[in-house]
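Asks: Spelled out from the first residue to the last, the chains are:
There are 2 protein chains.
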Amino acid sequence: MDYIIGIDVGTTSTKALIYDTDGNIYGKANKGYPLYQDTPDMAEEDPDEIFNATVSAMQEVVAKANITDGKVIAISWSAQQHSLIALDKDFKPLTRSLTWADNRSQKYAAEYKKNGRGMEMYKRTGLPIHPMGPFYKLLYFRNEQPEIFDQAAYWVGIKEYIIWKYTGVLKEEISMAAATGLLNMNSAQWDEEALKETGVTEKQLPELVDTTDKFKGIKSEYAKIIGIDKDVYFVMGATDGALSTIGVGAIQTGVLAINIGTSAAVRTFVDKPRVDPKARLYCYPVMKGKYLVGGPINNGGIVLNWAHDSLFGGEVEAAKLLHIDSYDMLSKIAATVPAGSDGLIFHPYLGGERAPLWDANARGSFFGLNRKHTRAHMIRAVMEGIMYNLYSVTLALKEVTGEPKAVLAAGGFARSTLWTQMMADIFEHDIVIPESYESGSLAAMFLAKMALGMEDNLEDIKKYMGKETVYKPNQDVFKRYRTLMPIYLRLSRDLSKEYEGIADYQREFTDNDK
Amino acid sequence: MDYIIGIDVGTTSTKALIYDTDGNIYGKANKGYPLYQDTPDMAEEDPDEIFNATVSAMQEVVAKANITDGKVIAISWSAQQHSLIALDKDFKPLTRSLTWADNRSQKYAAEYKKNGRGMEMYKRTGLPIHPMGPFYKLLYFRNEQPEIFDQAAYWVGIKEYIIWKYTGVLKEEISMAAATGLLNMNSAQWDEEALKETGVTEKQLPELVDTTDKFKGIKSEYAKIIGIDKDVYFVMGATDGALSTIGVGAIQTGVLAINIGTSAAVRTFVDKPRVDPKARLYCYPVMKGKYLVGGPINNGGIVLNWAHDSLFGGEVEAAKLLHIDSYDMLSKIAATVPAGSDGLIFHPYLGGERAPLWDANARGSFFGLNRKHTRAHMIRAVMEGIMYNLYSVTLALKEVTGEPKAVLAAGGFARSTLWTQMMADIFEHDIVIPESYESGSLAAMFLAKMALGMEDNLEDIKKYMGKETVYKPNQDVFKRYRTLMPIYLRLSRDLSKEYEGIADYQREFTDNDK
Ligand SMILES: Nc1ncnc2c1ncn2[C@@H]1O[C@H](COP(=O)(O)OP(=O)(O)OP(=O)(O)O)[C@@H](O)[C@H]1O
Ligand SMILES: Nc1ncnc2c1ncn2[C@@H]1O[C@H](COP(=O)(O)OP(=O)(O)O)[C@@H](O)[C@H]1O
Numbered sequence: 001m002d003y004i005i006g007i008d009v010g011t012t013s014t015k016a017l018i019y020d021t022d023g024n025i026y027g028k029a030n031k032g033y034p035l036y037q038d039t040p041d042m043a044e045e046d047p048d049e050i051f052n053a054t055v056s057a058m059q060e061v062v063a064k065a066n067i068t069d070g071k072v073i074a075i076s077w078s079a080q081q082h083s084l085i086a087l088d089k090d091f092k093p094l095t096r097s098l099t100w101a102d103n104r105s106q107k108y109a110a111e112y113k114k115n116g117r118g119m120e121m122y123k124r125t126g127l128p129i130h131p132m133g134p135f136y137k138l139l140y141f142r143n144e145q146p147e148i149f150d151q152a153a154y155w156v157g158i159k160e161y162i163i164w165k166y167t168g169v170l171k172e173e174i175s176m177a178a179a180t181g182l183l184n185m186n187s188a189q190w191d192e193e194a195l196k197e198t199g200v201t202e203k204q205l206p207e208l209v210d211t212t213d214k215f216k217g218i219k220s221e222y223a224k225i226i227g228i229d230k231d232v233y234f235v236m237g238a239t240d241g242a243l244s245t246i247g248v249g250a251i252q253t254g255v256l257a258i259n260i261g262t263s264a265a266v267r268t269f270v271d272k273p274r275v276d277p278k279a280r281l282y283c284y285p286v287m288k289g290k291y292l293v294g295g296p297i298n299n300g301g302i303v304l305n306w307a308h309d310s311l312f313g314g315e316v317e318a319a320k321l322l323h324i325d326s327y328d329m330l331s332k333i334a335a336t337v338p339a340g341s342d343g344l345i346f347h348p349y350l351g352g353e354r355a356p357l358w359d360a361n362a363r364g365s366f367f368g369l370n371r372k373h374t375r376a377h378m379i380r381a382v383m384e385g386i387m388y389n390l391y392s393v394t395l396a397l398k399e400v401t402g403e404p405k406a407v408l409a410a411g412g413f414a415r416s417t418l419w420t421q422m423m424a425d426i427f428e429h430d431i432v433i434p435e436s437y438e439s440g441s442l443a444a445m446f447l448a449k450m451a452l453g454m455e456d457n458l459e460d461i462k463k464y465m466g467k468e469t470v471y472k473p474n475q476d477v478f479k480r481y482r483t484l485m486p487i488y489l490r491l492s493r494d495l496s497k498e499y500e501g502i503a504d505y506q507r508e509f510t511d512n513d514k
Numbered sequence: 001m002d003y004i005i006g007i008d009v010g011t012t013s014t015k016a017l018i019y020d021t022d023g024n025i026y027g028k029a030n031k032g033y034p035l036y037q038d039t040p041d042m043a044e045e046d047p048d049e050i051f052n053a054t055v056s057a058m059q060e061v062v063a064k065a066n067i068t069d070g071k072v073i074a075i076s077w078s079a080q081q082h083s084l085i086a087l088d089k090d091f092k093p094l095t096r097s098l099t100w101a102d103n104r105s106q107k108y109a110a111e112y113k114k115n116g117r118g119m120e121m122y123k124r125t126g127l128p129i130h131p132m133g134p135f136y137k138l139l140y141f142r143n144e145q146p147e148i149f150d151q152a153a154y155w156v157g158i159k160e161y162i163i164w165k166y167t168g169v170l171k172e173e174i175s176m177a178a179a180t181g182l183l184n185m186n187s188a189q190w191d192e193e194a195l196k197e198t199g200v201t202e203k204q205l206p207e208l209v210d211t212t213d214k215f216k217g218i219k220s221e222y223a224k225i226i227g228i229d230k231d232v233y234f235v236m237g238a239t240d241g242a243l244s245t246i247g248v249g250a251i252q253t254g255v256l257a258i259n260i261g262t263s264a265a266v267r268t269f270v271d272k273p274r275v276d277p278k279a280r281l282y283c284y285p286v287m288k289g290k291y292l293v294g295g296p297i298n299n300g301g302i303v304l305n306w307a308h309d310s311l312f313g314g315e316v317e318a319a320k321l322l323h324i325d326s327y328d329m330l331s332k333i334a335a336t337v338p339a340g341s342d343g344l345i346f347h348p349y350l351g352g353e354r355a356p357l358w359d360a361n362a363r364g365s366f367f368g369l370n371r372k373h374t375r376a377h378m379i380r381a382v383m384e385g386i387m388y389n390l391y392s393v394t395l396a397l398k399e400v401t402g403e404p405k406a407v408l409a410a411g412g413f414a415r416s417t418l419w420t421q422m423m424a425d426i427f428e429h430d431i432v433i434p435e436s437y438e439s440g441s442l443a444a445m446f447l448a449k450m451a452l453g454m455e456d457n458l459e460d461i462k463k464y465m466g467k468e469t470v471y472k473p474n475q476d477v478f479k480r481y482r483t484l485m486p487i488y489l490r491l492s493r494d495l496s497k498e499y500e501g502i503a504d505y506q507r508e509f510t511d512n513d514k
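As you go down the protein sequences, you meet chains R and S in turn. Just so you know, we're using full-length UniProt numbering here: the first sequence kicks off at 1 and counts up by one. Just so you know, we're using full-length UniProt numbering here: the second sequence kicks off at 1 and counts up by one.
Any given hint could turn out to be false.
For identical chains, the list gives no copy identity; a pair is met inside one copy or between any two copies.
What the hints assert, rightly or not - Okay, derived cross-link-like pairs now, DSS-like style, lysine-lysine, Cα gap no bigger than 30 Å in a straight line:
{"#": "1", "residue 1": "K372", "residue 2": "K332"}
{"#": "2", "residue 1": "K332", "residue 2": "K216"}
{"#": "3", "residue 1": "K278", "residue 2": "K497"}
{"#": "4", "residue 1": "K31", "residue 2": "K372"}
In short, the hints are calculated from the structure, not lab data.
Work out the full structure, taking the sequences as your base and the hints as a guide.
Replies: This is the structure in structure tokens:
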């Protein structure tokens, strides 16, 4: 029997899964690495630490699979988006990997937003105007670190670096290339204007290939450590966003995939490039006739984590002593409060926000407090607020792609049936929860099968997906959410006027050592 | 030795104090009574229950004073404002007493605000446009309870009813009369137009007298129960607002008196009637050349009580077990957070607000939340938000009366040195805390002495006031509050647009039986 490794290089860890060619799982491994934040604006990772994590994750799953007949025929790659590394002419890193969370190019994004050029670039490349984009990071290097900019022979992302290190091949597949903001989304080629603006030439960038591109050439030393054959195929794969969308089965145009993990995202495939006139959504090519449109959202489960720690610290301690899952406890507390939280509305922008606001200064708020409101109301309002925000991104998506045919949702939030039901009630739509949580690795594995000619229709991924659970909206509570949602949306606009002021205050006066 | 009783008929209880003529206290008593809220808009009290409370409070203090030589020579009255009772021709109540908190005339206040007549009446009478005002309550009775309106031979407040019941004398002093919205504040006579609008005639109202008006005539039965002589003087006294201002020593024009108890108020005396062009403040005559300008604020300590119960319920229970004052504990928790609460801003309008918004639909909010904010930040933000609100009323007062010469503050909040210091820092002004907490009764006693010719200068009340504590503003934190205050004020305006919507939601959907 033959095996395929699906590997997902995330921001906090790399997950590897090993499958047989029928999609059965034989082993999982998860290897973490640190984020370097020497200054508040910085969010870097060490490319070689991540490379080593991929080595040991694969080593672990290969050992777990305990392969006696057959072999690993392919390794297929999912990865975080928007990372940037400068390499010298010998491919030696001149920088760490600047992750999507690195904000040092904020100034350039702000400038481009203001003078309209950001909007022009967005229309060409599909990358929203935000410091996460390698396009803006290159402007930062060019202006503020010219010695590195001048010395850089190549500019790559973490996935390209890792694959190069394994094989000596420098390639970039189109979905990841699109996430740099340097790819023209119509031609699927490097965008001339984007290159001109950043002062980078095509020669400094990897060769562009399809997501199903495959090649051999792993260096013996790594094949040996991992315990696989030297003629294993590397399959390029795609971005984690694209693959997790495929991996929950949201293949058809108009089928929405929503993920709520630490962060969150709303995505759907369309058949040709579509830009949002308000630049709230990205759009990038993934495969022939498949463009991913979506909004990345900072404030997903991490906001519930905040409420968990900051509002219910004492109870969480108690839950630990009692060996109760403290997030289950929060859901139970939230369930004591009626839908709509008796008119308490929460905006979840604790850490600034990407979609739908694209405002790093955004902050959270509670609105509508009266004397009957308790912490139980707050926790329910937090869960509802996260959903209102996702719904507002979905509204933007609807403007671009029309009414959704189906809504598929995945991520840690789905461990709470209350929260998932809330989603159905707020979205007024059936919510389908696929069984598998490892959608990114699953889709990477499936792409490998397509690359190897073992599958030819993306839709067929569904046969590996296990059974689904469907949550149906509850008519009784529609009216509540329909009354609150317009207030939430209007407030979003009004509050946004004060975000810059309060964020400036917090930068100036917060005593970080407290 | 002779004695004087100062009695304060409050909304939740009546407090009586007995003094000798040198101002020494010989006894205190406090008698509570229920508030009737058969519907959410209703807030009534039983006039005879209150009368009985005054009897037993006085009985108790007289007993405590254990008078062997001399006698009680005067009873002087402070009382809650804006109450309204309909009496039939035999002075029998046709209604309970509608307190200031009764909102049934909301519709009429809203109508008068909209069509501009409320503003005209405010300019004549000094009563802000709000359902608390007997003027608006009369419109309610006339339109919605015509049988009572037609049957009513007299319309009085709770103080007038009580004094009538003791003595058979129906008088009303000008400060209380002004609080009805039926008194012309320039002439200090019943206002012709106000009478015309409400359809009430002068004959239906008590005789207008000065605050130092005195007379005898207590019925034997009551004198006997209380244990005093039949020739005791009744001294009219004034509203609780006026007397507590006098009682903290804020006599001179431009000296501010701030009270933060359950509710709160900012007040100052001026020498001639002054109206606020934006109708945020009341203005009424108290004595010759003394007009009280001020703003009544719903959201005082009651908001801290909410945070105490709703955000720190668990800790409060623990504090009780440990015999620690749980409000002291809250102050200690708030003190762990720096001034400005790391950029968290709270609007305290949990229960709607009178000054400065005059919006019964107003609600509370937290703004500026980031992941570092905890419940400790929330509690400090609550304390700061209550102060920001008081400061915003003070700003309105400054527009009308100029820079304050001094700021005197009293009420339960002053038990927290942290909170009092916060006031000095936010107001950027010395805050003077008088020793005595019973300022209303003290001033009632002093008015009696003036009525009896034993004092002639209001300023001399200071000799009965004990020593003061002064809190000086801390320069180091000015910049923080100066940055946050404008954001607070701008947000007040923006949020106010959504108050009606959220309050409507809460009225429609709050499950009150939960
Ligand atoms: N029992 C539970 N009920 C509700 N929510 C939960 C529960 N357990 C975890 N969560 C939420 O799920 C989140 C984690 O989700 P998940 O495991 O998908 O995260 P992740 O993979 O780190 O995120 P990302 O997809 O953004 O990288 C937590 O932030 C938490 O808020
Ligand atoms: N130790 C304390 N520290 C801070 N605030 C306090 C403390 N004790 C009571 N308070 C506040 O004082 C308010 C009561 O003030 P008080 O003047 O006694 O009330 P009232 O207006 O009912 O006469 C309470 O609502 C509470 O918020």
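Asks: Can you give me the call for K372 and K332, within, between, both or neither, at a CA distance of at most 30 Å?
Replies: Intra 19 Å, inter 25 Å, cutoff 30 Å: intra and inter.
Asks: Could you figure out if K31 and K372 sit no more than 30 Å apart (CA to CA) within one copy, between two copies, both or neither?
Replies: between (46 Å within a copy, 27 Å between copies)
Asks: With 30 Å as the alpha-carbon cut-off, assign the pair K278 and K497 to within, between, both or neither.
Replies: both (18 Å within a copy, 25 Å between copies)
Asks: Since the copies are identical, ignore which copy is meant and state whether K332 and K216 lie within 30 Å (CA to CA) inside a copy, between copies, both or neither.
Replies: This pair counts as neither: shortest intra-copy Cα distance 52 Å, inter-copy 66 Å.
Checked against the numbered hints listed earlier, the structure breaks hint 2 alone; every other hint is satisfied.
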